[in-house]
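Number of protein chains: 2
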Amino acid sequence: MAYTRITAAEAAALIKNDDNIGMSGFTPAGTAKAVTRELAKKAEAEHTAGRPFQVGIFTGASTGQSTDGVMSIAQAIKYRAPYTTNGDFRKSVNAGEIAYNDLHLSHMAQELRYGFYGDIDWAIIEVCDIEEVGDKIRCYLTAAGGISPTVVRLAKKGVILELNSFHNPNAKFIHDVYEPLDPPYRKPIPIENVGDRIGTPYIEFDASRLTGVVECNLPDEARAFKDSDPITDQIGNNVAEFLIADMNRGIIPPTFLPLQSGVGSTANAILGALAQNKQVPDFNVYTEVIQDSVVDMLLTGRVKDASACSLTVSNECLMQIYDNMDYCRKHLTLRQSEISNSPEVIRRLGVIAINTAIEVDLYGNANSTHISGTKMMNGIGGSGDFERNAFLSIFTCPSTAKNGMISSIVPFCSHLDHTEHDVNIIATEQGVADLRGKSPYERAQAIIENCAHPDYKQLLWDYLKIAKMGQTRHNLPAAFAMHDTLARKGDMHLTDYAEYVK
Amino acid sequence: MAYTRITAAEAAALIKNDDNIGMSGFTPAGTAKAVTRELAKKAEAEHTAGRPFQVGIFTGASTGQSTDGVMSIAQAIKYRAPYTTNGDFRKSVNAGEIAYNDLHLSHMAQELRYGFYGDIDWAIIEVCDIEEVGDKIRCYLTAAGGISPTVVRLAKKGVILELNSFHNPNAKFIHDVYEPLDPPYRKPIPIENVGDRIGTPYIEFDASRLTGVVECNLPDEARAFKDSDPITDQIGNNVAEFLIADMNRGIIPPTFLPLQSGVGSTANAILGALAQNKQVPDFNVYTEVIQDSVVDMLLTGRVKDASACSLTVSNECLMQIYDNMDYCRKHLTLRQSEISNSPEVIRRLGVIAINTAIEVDLYGNANSTHISGTKMMNGIGGSGDFERNAFLSIFTCPSTAKNGMISSIVPFCSHLDHTEHDVNIIATEQGVADLRGKSPYERAQAIIENCAHPDYKQLLWDYLKIAKMGQTRHNLPAAFAMHDTLARKGDMHLTDYAEYVK
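Line by line, the protein sequences give chains V and X.
Residue numbering for the first sequence follows my numbering, beginning at 1 and increasing consecutively.
Residue numbering for the second sequence follows my numbering, beginning at 1 and increasing consecutively.
Note that these hints are calculated values from the structure, not bench results.
If you're wondering where the values come from, they're calculated on a predicted model, not measured in any experiment.
Glycine is no exception: its CB is placed at the ideal position from the N, C-alpha and C atoms.
Hints are supplied without guarantee of correctness; some may be wrong.
Restricting the straight-line Cα-Cα distance to at most 30 Å, the calculated cross-link-like pairs of lysine-lysine (BS3-like) are [unchecked claim]:
{"#": "1", "chain 1": "V", "residue 1": "Lys156", "chain 2": "V", "residue 2": "Lys41"}
{"#": "2", "chain 1": "X", "residue 1": "Lys468", "chain 2": "V", "residue 2": "Lys489"}
{"#": "3", "chain 1": "V", "residue 1": "Lys468", "chain 2": "X", "residue 2": "Lys457"}
{"#": "4", "chain 1": "X", "residue 1": "Lys304", "chain 2": "X", "residue 2": "Lys375"}
{"#": "5", "chain 1": "V", "residue 1": "Lys78", "chain 2": "V", "residue 2": "Lys156"}
{"#": "6", "chain 1": "V", "residue 1": "Lys465", "chain 2": "V", "residue 2": "Lys402"}
{"#": "7", "chain 1": "X", "residue 1": "Lys468", "chain 2": "V", "residue 2": "Lys402"}
{"#": "8", "chain 1": "V", "residue 1": "Lys457", "chain 2": "X", "residue 2": "Lys502"}
{"#": "9", "chain 1": "X", "residue 1": "Lys91", "chain 2": "X", "residue 2": "Lys42"}
{"#": "10", "chain 1": "X", "residue 1": "Lys489", "chain 2": "V", "residue 2": "Lys502"}
{"#": "11", "chain 1": "X", "residue 1": "Lys91", "chain 2": "V", "residue 2": "Lys465"}
Simulated coverage check for chain V against chain X, where a stretch passes if three residues somewhere in it have a Cβ under 8 Å from a Cβ of chain X [as the list claims (entries may be wrong)]:
{"#": "12", "segment": "107-118"}
{"#": "13", "segment": "182-190"}
{"#": "14", "segment": "289-303"}
{"#": "15", "segment": "379-390"}
{"#": "16", "segment": "429-439"}
{"#": "17", "segment": "464-470"}
{"#": "18", "segment": "477-484"}
Sequences and hints are given; from them, build the entire structure.
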């Protein structure tokens, strides 16, 4: 190959203070890792020398420790969008040190193209293979679709490729690279089935724009998820039973519908419970993140076709995919985040969306992002893309947190990411509240009865007693009494509304 | 014509307590009016006789006095979705007397088909013409697309047509009737341009399902909108200038993009200001409700093509359309609400969405529905469908209400319909806050500086001073201090956070 090889440090040396960087990846999967570690070192050196050095970072979703982690520690991030899950980043952002813009993931690529964030200076893309075709480079993505074609096209100063030999070049066979045109020229996204492919396996760009290739061998940094526990298992069973009942009464078609399930142990528990039930036919998955459990089901045929933006799986699982590529290339497709999370496609396919909430309120609003209204946990991710457009919109959470000191059902969410208009079903380990067709007061009754922990039911009924009549019943000065009591006394059980009511 | 004529009273006599009725119309435009008046009378008679009589009503959006009005007064409505604007209905719903489910308008038809609301017993459809073709009836809608084809197809007990001779049969030429298939069979909605037609001009159904035709001559009940005033004019100018600046710096394409603008005097002021500016090329409108001002611009060619769900216009304006049908049929299209408000189409076309909010908060969340968190005003309508999927998402409101006693900019919205993830721009008569790319704290600064009334700026800055650090800064017990002070003292100016902070 005739391309220019450079080291990660040489690549980092090219990047200037205040530059905006667009990166491959979606979750730690497929994210650039080599240059970012050198960028963190550069930032530390620059800061030691008394010079400013911070950059803006745009990716498909979160990244791993080699990006958001080391760069947060090095205070190298000025601006970040659209999502992160990193603990070091979280500390910085909640201390007000990073400007973080928490976006619907389907919005990121198009808003970059629309020019809402200024110029993208650099694209840093992890690839598993590179070809030169005339004066073009064709590069092949690894474990995620992300926003890569967009940032490659937009990067004004150049494209840096991390050719990571940890990934098998066969990874190319699961990618369907597609970037829509922008208005007024956009066309329908022609996906009608979960497995439809509409693009190319590669990203192509002018070879003159390639700054250099950084060769590396770095494992993916996918997170380990907690094993399921009795609570998440019970939530999984509750959701599975509910969906089966809805299928049996003819709401969900007998062929079932594609599933989207968030990340983590609850998601695994739900999928596991569905897969184990013989009434549920083999099903499809149209989601943003595929975890190990879906890969297992895909390889056994229980999941027929799976489409996602990333393989957020253990490295063992990733190797299993690469080793079974003849099968996987027919049944597994990775897409760009604006396609995996496209409202158009999600609504057309009739996806059943299941995501976890931090808290939900009596009227069916959900908080996906903030602890007690102020501290960012991760971000909204794709939950809004999926839930708003789903055939069935489901949120799950354990009914309590912190050994019962926190009720996840509250009078008023301390931060709202999903409104009452967007939530059909709430499930906890206690049971399921079906909010479809219900007025706000009927929803409150269903949520307290079916989802709240017994310890908190009376406190929630008491709130309704002091609430003013209206379409939505509230007592505003007492709306956050449970949150404030937690902050002051460490336990929501101790809430006394009388302290708040004026 | 061989169809059965019945009177409105005869039709009403067929409808039983607890029946669910699906109706034509979207806003008062095109809504059934004759049978509903008789239903109200029947309810009163039944109630006088000590018998229960209440029905569920499903329409495209709001209706007029002859439906929500008289039926609310008669306590004839048990359940209502997805939207209303009627004052009598509002009183009932805020007194807890009607179960009202406030939905995204794009969700109504598909959720009826999915079976979320049980059976639809009757369809009552206002039509301008009827044809019999073999054993089929073809009926032609009047001033709105609504959910009519869906409720005609679903109605288990029968279809009642109100053949309203107030409407010119030529109204048929502006309709494009299209009902998508449901998952897993749904296909792309093939609209690529505002004026594209993809369906038929009529709704067709088996003649055996026609219960009868009620002949009537009743004017449409479109609301009169307040004339613009200096405040709405200034908001209009601010938005127009902002959009022109965004076009001049290359964000909005030079061809401009289709506009969606809510209902009312601010919407008219914005469209007027844009139309008067010579830098803005002739533009398209892709919206849910067309008002008189758009029709004026359409007839002069300033608006090239307009697509909507309803003609919510004065009756004079409606007659002007009917009188200019040769021109209007080429440039004006009425669609079903799930198409006019389709996330798929709105995102594809790159619609610029402009809607009014009741209040917005420091972080860019918007309340479209509730006064002080409890009293329903109208409903979310299509604002969520458009704003979430818009190329540019704009909310407008006067900076104050009630002679300045209320600030429309508050620390925390008392009800949230649109989250921080869905709002790009906030405009008041004071100015415009561009929230794109901004972190929550940067948004708060921009909103206070640019949008808040000078009387309230200090109060809002003071809130940030007492707010806890985090991604989103709040002091939860004081978050609704302004609202509670208004409730207790009649004036948000008198807010003293010290009364609330624990």
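Do the hints match the structure? See the list:
For a cut-off of 30 Å, the pair hint linking Lys156 of chain V to Lys41 of chain V stands: about 24 Å separates their Cα positions. Distance check on the hinted pair: Lys468 of chain X and Lys489 of chain V sit about 17 Å apart at the alpha-carbon level, within 30 Å; holds. Annotation: proposed proximity of Lys468 of chain V to Lys457 of chain X holds, straight-line Cα distance about 29 Å (limit 30 Å). Taken as a hint, the Lys304 of chain X and Lys375 of chain X pair is broken in the structure, with Cα atoms around 39 Å apart against an allowance of 30 Å.
For the hint linking Lys78 of chain V to Lys156 of chain V, the alpha-carbon distance of about 19 Å falls within 30 Å, and the restraint holds. The straight-line distance between the Cα atoms of Lys465 of chain V and Lys402 of chain V is roughly 27 Å, inside the 30 Å bound, and the hint therefore holds. Note on Lys468 of chain X and Lys402 of chain V: the hinted pairing holds, with a Cα-Cα distance of about 21 Å set against a maximum of 30 Å. For the proposed pair Lys457 of chain V and Lys502 of chain X, the alpha carbon gap of about 25 Å is at most 30 Å, so the pair holds.
Distance restraint check for Lys91 of chain X and Lys42 of chain X: the Cα-Cα separation of roughly 21 Å lies within the 30 Å cut-off, and the hinted pair is therefore satisfied. For the hint linking Lys489 of chain X to Lys502 of chain V, the alpha-carbon distance of about 12 Å falls within 30 Å, and the restraint holds. Simply put, Lys91 of chain X and Lys465 of chain V have alpha-carbon atoms about 21 Å apart, close enough for the 30 Å limit, and the pair holds. Counting residues of the segment 107-118 of chain V whose beta carbon lies closer than 8 Å to any beta carbon of chain X gives 7, which meets the minimum of three for the stated coverage.
Note: the segment 182-190 of chain V has 8 residues with beta-carbon separation from chain X under 8 Å; the three-residue rule is met and the coverage holds. Three residues within the 8 Å Cβ limit are the bar, and the segment 289-303 of chain V against chain X gives 0, so the coverage statement is violated. Only when three residues or more bring their CB closer than 8 Å to a CB of chain X does the claim for the segment 379-390 of chain V stand; here the count is 4, and the claim holds. With 4 residues having a beta carbon nearer than 8 Å to a beta carbon of chain X, the segment 429-439 of chain V meets the requirement of three or more and the stated coverage holds.
Look at the segment 464-470 of chain V against chain X: 4 of its residues bring a Cβ nearer than 8 Å to a Cβ of that chain, three or more, so the hint holds. For the segment 477-484 of chain V, the proposed coverage by chain X is satisfied: 6 residues have a C-beta within less than 8 Å of a C-beta in that chain, meeting the threshold of three.
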